[in-house]
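Going line by line, the protein sequences match chains A and B.
Numbers 63 to 338, taken from our numbering, label the letters of the first sequence in order.
Numbers 18 to 320, taken from our numbering, label the letters of the second sequence in order.
A couple of the hints might just be wrong.
[Said to hold, decoys possible] Taking beta-carbon pairs under 10 Å as the criterion, some of the chain A residues facing chain B (in silico):
1) Ile175
2) Met212
3) Arg241
4) Pro280
5) Val282
No lab work stands behind these hints, which were simulated from the structure alone.
Even glycine gets a Cβ: it sits at the ideal position worked out from N, Cα and C.
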Amino acid sequence: MKLLRNRRAMIILAGLIVAANGFFPALWILFTSFKTEVELMRVPITIIPQAPTIENYIRVFVDQPILRFLFNSVVVAVLSTLLCVTCSALAAYALVRLRLPGAGIILSVLLAIAMFPLISMMVPLFQVMRDLGLLNTWWALIFPHAVLSMPVCTLVLISFFQDIPRDLENAAMIDGCTRLGALWHVVIPPTAPGVFTAGILAFVNSWDEFLLALTLSPRVASRTLPVGITLYQGEFSFPWPIISAALIVAIVPICIVIAIFQERVVSGLTSGGVKG
Amino acid sequence: MSDAIRHRLTPLEKSERRLGFAMLAPAFLLLAAVVLYPIAELIRNSFHFNHLAQPWMGTPFVGFENYVKALGDDRFHEAVWHTLLYILVTVPGAVVIGLGLALLANQPFRVKWPVRLGLLLPWALPLVFAGLIFRWFFEYNQGIANAMLRGLGFEPLNWLTSPGLAFFAICLAIIWKSSSFVALVLLAGLQTIPKSFYEAAEVDGATKWQQFREITLPMLRPAIFVALIFRTITAIQTFDIPYAMTNGGPGNSTETLAMYIHKTTIDFLDLGYGSALAVLMFLVSAVITSLYLRHTRRDPGRH
Chain A
63 MKLLRNRRAM IILAGLIVAA NGFFPALWIL FTSFKTEVEL MRVPITIIPQ
113 APTIENYIRV FVDQPILRFL FNSVVVAVLS TLLCVTCSAL AAYALVRLRL
163 PGAGIILSVL LAIAMFPLIS MMVPLFQVMR DLGLLNTWWA LIFPHAVLSM
213 PVCTLVLISF FQDIPRDLEN AAMIDGCTRL GALWHVVIPP TAPGVFTAGI
263 LAFVNSWDEF LLALTLSPRV ASRTLPVGIT LYQGEFSFPW PIISAALIVA
313 IVPICIVIAI FQERVVSGLT SGGVKG
Chain B
18 MSDAIRHRLT PLEKSERRLG FAMLAPAFLL LAAVVLYPIA ELIRNSFHFN
68 HLAQPWMGTP FVGFENYVKA LGDDRFHEAV WHTLLYILVT VPGAVVIGLG
118 LALLANQPFR VKWPVRLGLL LPWALPLVFA GLIFRWFFEY NQGIANAMLR
168 GLGFEPLNWL TSPGLAFFAI CLAIIWKSSS FVALVLLAGL QTIPKSFYEA
218 AEVDGATKWQ QFREITLPML RPAIFVALIF RTITAIQTFD IPYAMTNGGP
268 GNSTETLAMY IHKTTIDFLD LGYGSALAVL MFLVSAVITS LYLRHTRRDP
318 GRH
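With the hints as constraints, model all of the structure from the sequences given.
Put into structure tokens, the structure is as follows:
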């Protein structure tokens, strides 16, 4: 009995270590965001805010165009996700179902191209976007971000499409559906979780991307959240309480997304990694 | 005879094939526009002089001059060396820590979400935010690292302004940020190991350590390999975290190859030279990517 209780305690301890490792930095930032500049100067440092204040949040929204950053991030992430999932779904379906010659090689080529390092694309993309006059527009980020997630989305969707029995589509096509009709009416509904998983991964990848956003959208009004917050310039030094508040504002949406869809995110990440 | 049969496609198969290529078209068009064309442009650029701050010079063809320049560029050599160090420290570091996290997370928890979110949160956090948060941890006056040192009676350290310590701090941030993704991949691998293996080993009187070495590690090899490749591909491109923590400083002591390329092109506006450096970097990661693809290549049409 005692042994069993010990084992229970060990398991809970193991869970606590993993959870603490993941949550600690975000929690620390959360606490910092409610502290005053004066409290931060105190030695020894405090952990829980002694006199919680929301002033930092007010300053983030009033002094900084954080709503603008947020808006840019949402637009870029949503549109690039739609583009990425559409292209990936069509490609994955063609590769799984349409008996194309050399489907395996086509997939490898697709993955190989899409895995080119961002940094080598940054230089020419900067030039191309500059020549097209697209620097500091959403489009400069939407297209590259869509490509960024194409390998993982395609792999996730392939693994989901493979699980749909062929007979289902054949039946639909005998009933007079076209191929695309069959894809839309028969294949997509039962693989909705897969499409959704791919979508979340693409969304998070775009939301988090920094290098291209920094290079292709440097003007303040067109910055995304990661760039806007990192390049935040305080009057004197780096204003940590305000930065913390801004970080919390930027992290919360993504936390909500992964908290709601945690199981799908995990399955998507690992099917792209292990099975793929 | 059999050849003739194989080559005669039914109308249905023909139309399927056409549709198939049409469905692949959007993906490949996007890739052509965002990757292939820019890469061609990159390679062309690397053989030309192209300096945005000296537009009167035009963009003459200079052959391998940019590459030769890289051979004698100390700052480039240092950046390569730093990148290599980051890879050598953070890739094994993240895999070891990730394995530890995966083993801890692979328990029959009654409530699963705290552990799952604990692994997902570092993954979902933008790299550059992880960099900012760790910069805050290592801040001299108000950072938690120095607070702990003071608490233990030591002198506070200049974490981010002395080269060795800055490198250490950056590595720690990278390992924290990337180990949870590794843990998720390894956890999925752990869950494919049949319980009966351990039960049999238990019956034979194997210790926990023996079980780990003889069952867990060998069964986990494929997952560890995938994690290693993934980590290495991203580690070559290390940019965000050192950018946020030190911006390459003090001096250039924590500057990576990606950061140097970024500075060369965006800050110094030397597109020609920056392109040559990017080509060199691309070649290295292509080798590693091909290793990964060889590992995962399979026919998607087959189950």
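Results of checking the hints against the structure:
no.	hint	in the structure
1	Ile175	holds, 5 Å
2	Met212	holds, 7 Å
3	Arg241	holds, 5 Å
4	Pro280	holds, 8 Å
5	Val282	violated, 16 Å
Taken one by one, the earlier hints fail for this structure only at number 5.
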